[in-house]
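The listed protein sequences derive, respectively, from chains W and C. Using the working numbering, you'd call the opening residue of the first sequence number 1 and step up by one each time. Using the working numbering, you'd call the opening residue of the second sequence number 179 and step up by one each time.
Because the hints were derived from the structure by calculation, they are not lab data. Check before you lean on any hint, since a few could be wrong.
[To be verified] Incomplete in silico selection of chain W near chain C, CB under 8 Å:
hint, residue
1, Leu28
2, Ser53
3, Ser54
4, Gly80
5, Tyr84
6, Arg87
7, Ala123
8, Val131
Every residue gets a Cβ at the ideal spot worked out from N, C-alpha and C, and that includes glycine.
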Amino acid sequence: MTWRRLRFVALMVALVMLVAGGAGGYLLTRSERKTSYRASCGNLYCIPSLKASSVVDALQGRGFTCASKPSGSECELRIGNTTYRSRVSNKNGLIYSYDNSVNSHSAGEASASTKAFLVWLAALPFSDDPVLIEEINGWLLPRLGGGADVKATIGGYNYSLTALDQQYLRLAVSVGSR
Amino acid sequence: MNPRKPGGAVTILLILGAVIVGGVLGGGPGAVAAYLTTQPDGPTAPPVMLPEFPDAARRYLPDLTVAGLADDWLEKANGYKCSPSDITTRRSQAKNLMSCTTTEAGLSSMDVDIEYDGDAQIQYVSVRCGHKPGSNYCKTLFAGLGDALFFRRRELAKQAAEWAGKNVDGDNINTSIGGVRLSVDLGSHSITAIPDA
């Protein structure tokens with residue numbers, strides 16, 4: 001093989017590797033991104049693909065009254081002495097945090113409605129993942145009896161439950177910041 | 179060695195170098211392009227709601243109408259006078275307030291407030307009895323509310339009437355019967371009924 005031929009072969013190899021490397025890097029990163037638990041939304045991280053409006057629509061479907069705020073929507077429903085609230089903060093239509101509370105004015109175990117409300121909200125980032133839903137319910141339900149404020153990271157999300165006083169339960173969930 | 183011909187080691191090194199340089203130059207931008215253009219797969223819809231999920235339909239006392247309380251129980255059966263009130267303060271979020279009071283001489287300060295949106299949309303009922311603890315007027319009135327609340331669900335009426343009569347002079351106690359939260363307060367000597375969330 002002459003020098004000239006070697007240079008040609010090396011250039012061809014480099015070109016083929018350029019294309020192959022590009023495709024490989026693209027596909028690898030893409031598959032890695034697809035399975036990530038958080039999406040980019042502007043300068044923040046958000047729940048992937050779940051539209052904030054679909055959550056607000058679901059609450060309104062149950063008769064919640066929702067108001068638009070600069071950072072998102074605030075929904076509220078009062079039944080008897082119990083007030084359910086949910087504040088969904090969004091960027092580019094995706095949710096980066098949400099904050100929910102049940103003010104029941106009554107001691108004792110959380111009602112079935114309260115549990116159904118908080119369990120649904122806690123599962124928002126994972127509605128397509130039964131395993132994680134089970135994990136979060138296993139964390140959440142025993143702690144609704146009150147007595148302590150607790151935090152946990154589940155599926156990459158930050159969960160914060162305020163349950164010191166059973167009459168006021170608050171569940172805040174955020175995706176985390178960059 | 180002929181300088182016109184590269185050696186075996188040089189050939190291998192050069193090809194290897196081409197592989198690495200090409201791969202790195204291609205792979206880096208490829209990865210960056212994927213990172214910038216790909217969003218992760220996530221849920222496409224919120225989870226399914228359980229039947230117990232809070233619903234505005236449960237804001238109202240079940241199977242109860244303003245006419246049933248005001249007309250049938252209070253006016254016809256007990257001679258009270260009922261009329262819509264102008265007072266705007268509410269214990270609930272209801273639009274309207276119906277106030278009923280006894281018309282019998284000497285039986286002052288027995289009042290019933292009904293807060294409602296529509297006839298079959300009662301959010302709150304309160305019965306206040308001005309008579310002293312131990313009075314049979316209050317006992318009869320409270321038990322009467324317990325019964326009237328379950329006008330259409332008779333199987334629960336007896337239980338509610340008994341609880342209200344027995345606890346007429348109780349202080350700050352409550353119970354839940356058939357989705358209705360009954361609370362007795364001695365300070366105002368009142369019994370209230372709201373939906374149990």
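Hint check results:
no. : hint   : in the structure
1   : Leu28  : holds, 7 Å
2   : Ser53  : violated, 11 Å
3   : Ser54  : holds, 6 Å
4   : Gly80  : holds, 4 Å
5   : Tyr84  : holds, 5 Å
6   : Arg87  : violated, 15 Å
7   : Ala123 : holds, 4 Å
8   : Val131 : violated, 14 Å
Violated hints, listed in ascending order, are 2, 6, 8; each of the other numbered hints is respected by the structure.
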